[in-house]
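J.: Take these sequences, add in the hints, and give me the full structure.
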Amino acid sequence: MTIETSDPVLVQPGVPLLEVEDLHVEFHTRDGVAKAVNGVSYKVHPGETLAVLGESGSGKSVTAQAVMGILDMPPARIPRGAIKFQGRDLLKMSNEERRKLRGQRMAMIFQDSLSALNPVYSVGFQLGEMFRVHRGMSRKDAKAKAVELMDLVKIPAARTRVNDYPHQFSGGMRQRIMIAMALALEPDLIIADEPTTALDVTVQAQVMGLLAELQREFHMGLILITHDLGVVADVADNIVVMYAGRIVERAPVHAIYRQPGHPYTKGLLASIPRLDLKGQDLYAIKGLPPNLMRIPSGCAFNPRCPYARDVCTTELPAAVPLGTGRESACHFAQAVLEGEVAADVH
Amino acid sequence: MGRYVARRLLQMIPVFLGTTFLIYVMVYSLPGDPISALYGDKAADKVFVASKRKELGLDDPLVVQYFNYLKNIVLHWDFGKAFNGQPVWNEMKRVFPISLKLATVAIGFEIVVGVALGVLSGLRRGKFADRIVLVITLLIISIPIFVLGRVIQWTVAIKWDLTKPTVGGEAHWADLMMPGFVLGALAVAFLARVTRTSIVENLRADYIRTATAKGLPRRRVITVHLLRNSMIPMVTLIGTDLGTLMGGAIVTEGIFNVPGVGYTLFQAIRLKEGPTVIGIVTVLVLIFLACSLIVDLLYAVLDPRIRYA
Ligand SMILES: Nc1ncnc2c1ncn2[C@@H]1O[C@H](COP(=O)(O)OP(=O)(O)OP(=O)(O)O)[C@@H](O)[C@H]1O
Ligand SMILES: [Mg+2]
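Residue numbers (my numbering), protein chains in the order written: chain S, 201 to 546; chain P, 18 to 326.
Hints in this document: simulated from the structure, not taken from any laboratory.
Since the model is a prediction, treat every value here as computed from it, not as a measurement.
Among the hints, a few may not be true.
[Stated by the list, open to error] Here are some chain S residues the structure puts well away from chain P; computed CB gaps all over 12 Å:
| hint | residue |
| --- | --- |
| 1 | Leu352 |
| 2 | Gly487 |
| 3 | Asp510 |
[What the hints assert, rightly or not] Cβ pair distances, simulated, as ranges:
| hint | chain 1 | residue 1 | chain 2 | residue 2 | range |
| --- | --- | --- | --- | --- | --- |
| 4 | S | Ser315 | P | Val80 | 49 to 57 Å |
| 5 | P | Arg20 | S | Asp351 | 33 to 41 Å |
| 6 | S | Asp222 | P | Arg148 | 36 to 44 Å |
| 7 | P | Arg142 | S | Asn363 | 30 to 38 Å |
Quick reminder that beta carbons are idealized off the backbone N, C-alpha and C, glycines included.
T.: Following this line, the structure appears as structure tokens:
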């Protein structure tokens, strides 16, 4: 029964690039404490692409921001966990040490490039800033570097467009500039938080392709955050699926498409539009993601799970190993994987 | 850009005509006859009053008077004569530079202290420093300026003897520091509030998060990325302040004996000296219009998304 996967990345020896261990993040707000991340662990190796999936509010971005060290604390707090980058725990570093890693060793690409770029500075200034601040280059040299970067991400007429402002570019070009900015200092890790969500479908593929290509070329680790399973299939090596601040399933990418091992993943997969099922109603997971101030007891997914049994409301499911590099945090993981449990149709 | 400026300058003409005409009408509909008023409590000499009114053109229809007034300004840069026979322009030449100096001190103070307080409280939102700044600004806003002026004058000039209590006709920069401080106090308070709001709003912006993620030092994130984006409301406020501080410094100029625009205007209104009032207000209107044009042009410099064609 076990799924045959021999993903080269998973058996890679040596220290992983990034190891998130039992990370907890909570937000202290006036209304109470929102537990956005509740014990997330994942690893990224050099050259690996890890896709992080999950509905809105599942804690994907918060986890990433904790890694980058750009959470506003307060309101955020990290009560527990470790984030080891190249073997060193980021959470134990000084602010200044972490600042120097940002941009140089790890970089982030944001979703909405129009608001993520500063509207009042030219893209050349914003790209060149990386070299001026981190490398102490002169304005002129930095500008030349900016042009090089724009060429790298295939922006036509880079030499003239380097003085243009973000609003003068199309969405796709702007996102290329975000990518160029992240790549500027050749970091080891890139976190892309829904890098293509704001783009047209055709442009999405181009931008995603470019990102994947550059990632291979520079042999960087890439964390790709998305709620679009379709995007993931081509570029990711491994997937973690998040729900209510926990990882409910992790697997090599192709295994998960063939056989999801968690009811939530199953639901997500079923809700992708498919050409061969055109005309049929799209499946949607019923209900809404939980309120992070009152996460349901037991398995957080139980109120929405078609397979839920009594035990799901009382006991937090542990991660069940499902073969090479696979885990599912479901009491009935094995059965779900093999399609042996019947869903209660409510 | 050039065409935009030309259009704006053309648009100023009707605004200028409208406001000056309004002031003209208002001044000339003040009750009482200005010539008779010169006699004070004594009975006026009817013959003299009549001839003087004729000489000054006060018996012509209002519109004719206004037209002649404008004609003289445009053709001869002649703002008419005050009732004492002196050209109004001479008086203006004397008082405007003094007020400009005073306003410069006040605005310098406004910018340095107002921006500093605003940025501080914006960055420390909800913390102790923010509360302190709130209290200070509320105090300044609620204390009447003549109280503040008198207290500072007494403390700084008389008790501590750090500066002259009054300024006088020479209007040396050093003597203008204290009055400028008092005059700018209110503007400092308003600018601090506006700056704080703008900083707090922009602090949440995505590009600030990007700047942090780029590994820029916090100092650079604030000065280069945050401040620059927060400047439009600040510049708007400062731009309108120049006119206000020049023409509206009546109380401050009174307390510190600064023979500036506000004080002169106040006296002229009391004495119903039409030509002086109208001349001064006309120039103030011009200053306001010029400032608003400069502010609008600055918008385009501050935010490249704004383009004037
Ligand atoms: N500054 C904050 N203050 C309070 N709550 C926050 C803050 N930032 C995030 N959260 C909460 O943390 C939870 C997780 O947010 P996160 O942005 O990680 O979701 P996500 O998985 O990235 O979703 P999406 O797909 O919409 O981007 C959300 O419920 C959000 O409300
Ligand atoms: Mg997100």
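J.: Taking the hints in turn, state whether each one holds.
T.: Tested hints:
1. Leu352: Non-interface label stands for Leu352/S: nearest chain P Cβ at 17 Å, farther than 12 Å.
2. Gly487: Per Cβ check, Gly487/S is outside 12 Å of chain P; nearest 30 Å; holds.
3. Asp510: It holds; Asp510/S is separated from chain P by about 44 Å at its closest Cβ, greater than 12 Å.
4. Ser315/S to Val80/P: 49 to 57 Å: 55 Å, holds
5. Arg20/P to Asp351/S: 33 to 41 Å: At 36 Å between Cβs, range holds.
6. Asp222/S to Arg148/P: 36 to 44 Å: 38 Å, holds
7. Arg142/P to Asn363/S: 30 to 38 Å: 35 Å, holds
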